[in-house]
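The lines below spell out each chain.
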Amino acid sequence: MTVSQPIYRIENLVHRYNSDPVLAVDRLDIEPASIMGLVGPNGSGKSTLLKLMAFIFRPTQGRILFDGKSALPFDSSVRFLVTLLTQDPYLMKRTVFKNIAYGLKVRGNRENWTRPVHDALAMVGLDPDIFAHRQWDQLSGGEAQRVALAARLVLKPRVLLLDEPTASVDAASSELIRAASLRARSEWGTTLVIASHDREWLYDVCDEVIHLFKGTPTGAGRSNMVFGPWVPEENGLYSKLIGDGIRFTVSAPPNADATAFIDPAVIRILNSGEASTAENITFVDGTVIRIASEKQSGNLFADVRAGSLTLVVRVDESHLAAMTLHRGWPVTLAYRPDSIRWL
Amino acid sequence: MHKKKQMAVKVCLIVVLTLMMAIPAMTADNVLMMATTTSTDNTGLLDDLAPHFTQATGVELKWTSVGTGKALKMGENCDVDVLLVHAPSAEKTYVEKGFGVNRREIMYNDFVIIGPESDPAGIKGKKVVDALDAVRAKGAVFVSRGDNSGTHKKELSLWKATGAAVPEKETWYVQTGQGMLASINIAAERNGYSMTDRGTYIKYADTMSGNPPLKVLVEQDNILLNQYSVLSINPERCTKAKFDLATTFSDWLAGTEAQGLIRDFKLLGKPLFVPNAIK
Amino acid sequence: MDFILAGFIEAIRLLFSGDDQTWSAVGATLKASSGSMAASLTIGVPLGFALGYFQFPAKRQLRLLVDTALALPTVFIGLVVYAFISNRGPLGEMGLLFTLTGIAIGQTILALPVVIALSATAVESMDRHLRALLISLGASRRQLLFSSLWEVRYGVLAAGLTAYGRVMTEVGISMMVGGNIKWHTRTITTAIALETGKGMFSTGIALGLVLIAIAFGVNVCLSFLRKK
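Chains as they are written, first to last, in my numbering: chain A, 1 to 343; chain B, 1 to 279; chain C, 1 to 228.
Don't read these hints as lab results, they were simulated from the structure.
There could be a bad hint or two in this list.
[Stated by the list, open to error] Think about it this way: if two alpha-carbon atoms lie no more than 25 Å apart in a straight line, the pair counts; the simulated DMTMM-like pairs of lysine to aspartate or glutamate are:
no.	chain 1	residue 1	chain 2	residue 2
1	B	Lys62	C	Glu195
2	B	Lys266	B	Asp251
3	A	Lys93	C	Glu151
4	C	Lys198	B	Glu189
[Said to hold, decoys possible] Some residues of chain C that are not near chain A, with every Cβ distance over 10 Å (derived):
no.	residue
5	Gln21
6	Ser34
7	Ala39
8	Phe54
9	Gln55
10	Pro57
11	Gln61
12	Ala69
13	Gly89
14	Glu93
15	Glu151
16	Tyr154
17	Thr196
18	Phe201
19	Ala213
20	Cys221
Ideal placement from N, C-alpha and C gives every residue a C-beta, glycine not left out.
Input sequences plus hints: build the corresponding full structure.
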């Protein structure tokens, strides 16, 4: 077979906590050895989706196929293949060595664990001689999270699920965690699914980024999300103060608290000297904070800070030379309020 | 590090096991189980008598010392073989009901009425009945055990002897519900009167280095005598009761040796019991 | 109050002169409490774990019952056990009255609610991430159960120590069921009660100090089971 089978296929998945629906995914495929990113605000269902994919609990409805076969928690087809790293560093009340060796132990692996445990520690930048025999409570937060990652890496998993792995650690640990996760893919072909608030990192490393919003995927690739509440303007438009006295103007929302989506492609950066008044077009002043190219498409994007918002804007490459886009450069953005999609 | 830990655990285990071995071995056969009142145990009389009894008869004496009411109840429940108690009228009813047999008087000690040296009700040297009338008339604090013990029953009988009701609800009549010594201490704190067995008073006086705040004010009245009797548990009701051993004990207590031991027994240098068994 | 100082001196003398009566009481205390602790831990820890770990109907009511049982007065337990094992009682044939076994049974009833309630609490307060962690590392259902139990070992140890404290210091059950029989069922606490009744306050205090010394020894031993 030339067409590779997806390692995950999610079908008609619905999950509820106490009858409140928190997740509804009609269909989602993940290719083996790929890196998928998950973005979305807090409470969007990212953690739930990852836990379901880690087979920690059963979905309320629907099924998750792993390697083409429907799987449930504790199934032998998934138990030793998938592992999840959560946001808060959490270790068992044992030494670092025993924490890392636990997965080997439950796999009935009777070999000497010293070598693999030390390798895993080295992979996350911890000196085995210093750390292997420390107790769980003799570690800093960043060290604990790295030990937790080492406990996953030692298993050479087929799938490594990462739920905000760097959200509560220091910058140095964060860097080491990112590097070690990517190494798992390059060394063992591990499939990575990463939920993170750091969109830029995800866009840099992921083959695909999925947006989750209120439990449903709202599309792939880059997109801007602006939350309500919205207040009406005189001209039938609505707006929200986004700080620094700047108003973000939109078309009439379905309700005052609706969330607006704006495709990066519909926002344009004005050329210098271009007039900032026109019919049916809204203008917003901001500052360029980053220029990046998307891994898959090669498209260029600019992150523009306007008030407290960061908007992603697609940059036409042909215009790049003509424009002087630098970090910290003031720009004016233009978009049509009616090009906004509502959720 | 690990070795040290294991050593420590081992040492602890050994210590615990050694302590558990230190208990004297139990001898199960030829054991007579007795329920008695706290006063006989607290004075140390039984500790004095028991080895002699075992030597003379080869029977081991085990006893539990509880209030008279509970001792009688234990006999009724067939939990003991023999009783040594001091509540004559209750004992007689007990025998009438068929719970106990062979009631035999062994010895007596006496009760005394104690009070502060200042003696606010002026009872010193009076007869019991007159003394209690004076306490009642004065409304002086009087501490009662109020625990249905033999001593409490004795005290109630004294109040009845005055011809008036027991001052159950009077504010000056303090019922402690505690043991004799605790009650004496309460009486001392309240500067009040109380009735106690002489043995406990001797102990109390001793702990006060010979100068107790409460003194003996009324004594040597016939009504204050405290008769101890031994009763066997009715073998017809309690088939497992060791009636023959109980009889052996009763006979021995009434015998010359035990009666002599009782006479010679001294608490802190003072004689306490007067043997009066009829052979 | 010079009997407090006298008590200190007496305590040292009792312990080091090998006083037979004291060591007999120490032995009786240790025997009864070891028996009751072994029984209450064997029964109580699995029950407490089940109560804290699993969801089932009437769980809350059961929990309420156990928590209420924490308040059982020792004299009441003593009375009930006495009623059962008295020769006239339903279990009279077994000859448990006035034995250390009888005391141990009563103390087991005293310790069980403590062990169950505290280990259930320890399990309930188990980090919610633990389950996800263990499953995610590949634990089977059985391994999940045992690893979880191992994770709450300090909580269970604390439950055991608390129960041990109650058992060592209770006097109602020992007195009522054991009968405070010299050389047999006289425990340290009943001996204290007796000595106090006899007016031997300093001996009572000495015995109290002996009890504290034993409790200290037990805690020192168990502290090796704790981390570090």
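Each hint, compared with the structure:
At roughly 18 Å between alpha-carbon atoms, Lys62 (chain B) and Glu195 (chain C) fall within 25 Å of each other, so this suggested pair holds. For the given pair, Lys266 (chain B) sits about 23 Å from Asp251 (chain B) by alpha-carbon distance, which is consistent with the 25 Å threshold. For the suggested pair Lys93 (chain A) and Glu151 (chain C), the alpha carbons sit about 6 Å apart, so the restraint of at most 25 Å is met. For the hint pairing Lys198 (chain C) with Glu189 (chain B), the CA-to-CA distance comes to about 19 Å; that is within 25 Å, so the pair holds.
Listed as outside the interface, Gln21 (chain C) is consistent with that label: its C-beta sits roughly 44 Å from the nearest C-beta of chain A, beyond the 10 Å cut-off. A cut-off of 10 Å between C-beta atoms confirms that Ser34 (chain C) is not in contact with chain A; the least separation is 27 Å. With a least beta-carbon separation of about 27 Å from chain A, Ala39 (chain C) lies farther than 10 Å from that chain, consistent with its non-interface assignment. At roughly 15 Å from the closest C-beta of chain A, the C-beta of Phe54 (chain C) stays outside 10 Å, upholding its exclusion from the interface.
Against chain A, the non-interface label of Gln55 (chain C) holds: every CB pair exceeds 10 Å, the least being about 13 Å. With 10 Å as the threshold on Cβ separation, the claim that Pro57 (chain C) sits away from chain A holds: the shortest Cβ distance comes to roughly 17 Å. With a least beta-carbon separation of about 21 Å from chain A, Gln61 (chain C) lies farther than 10 Å from that chain, consistent with its non-interface assignment. Non-interface status of Ala69 (chain C) relative to chain A is upheld: no Cβ of that chain comes within 10 Å, the nearest being about 29 Å off.
No beta-carbon of chain A is positioned within 10 Å of the beta-carbon of Gly89 (chain C); the least distance is around 46 Å. Residue-level check passed: Glu93 (chain C) sits 48 Å from the nearest beta carbon of chain A, beyond 10 Å. Remark: the non-interface label on Glu151 (chain C) conflicts with the geometry, its nearest Cβ contact in chain A lying 6 Å away (cut-off 10 Å). Against chain A, the non-interface label of Tyr154 (chain C) is violated: not every CB pair exceeds 10 Å, the least being about 7 Å.
No Cβ of chain A comes within 10 Å of the Cβ of Thr196 (chain C); the nearest lies about 44 Å off, and the non-interface call holds. For Phe201 (chain C), the non-interface assignment is confirmed: its Cβ lies about 46 Å from the closest Cβ of chain A, beyond the 10 Å cut-off. At roughly 31 Å, the least C-beta separation between Ala213 (chain C) and chain A is larger than 10 Å, which holds for a residue marked as non-interface. With a cut of 10 Å on Cβ distances, Cys221 (chain C) stays outside the contact zone with chain A, its closest approach being about 21 Å.
Taken one by one, the earlier hints fail for this structure at numbers 15 and 16, listed in ascending order.
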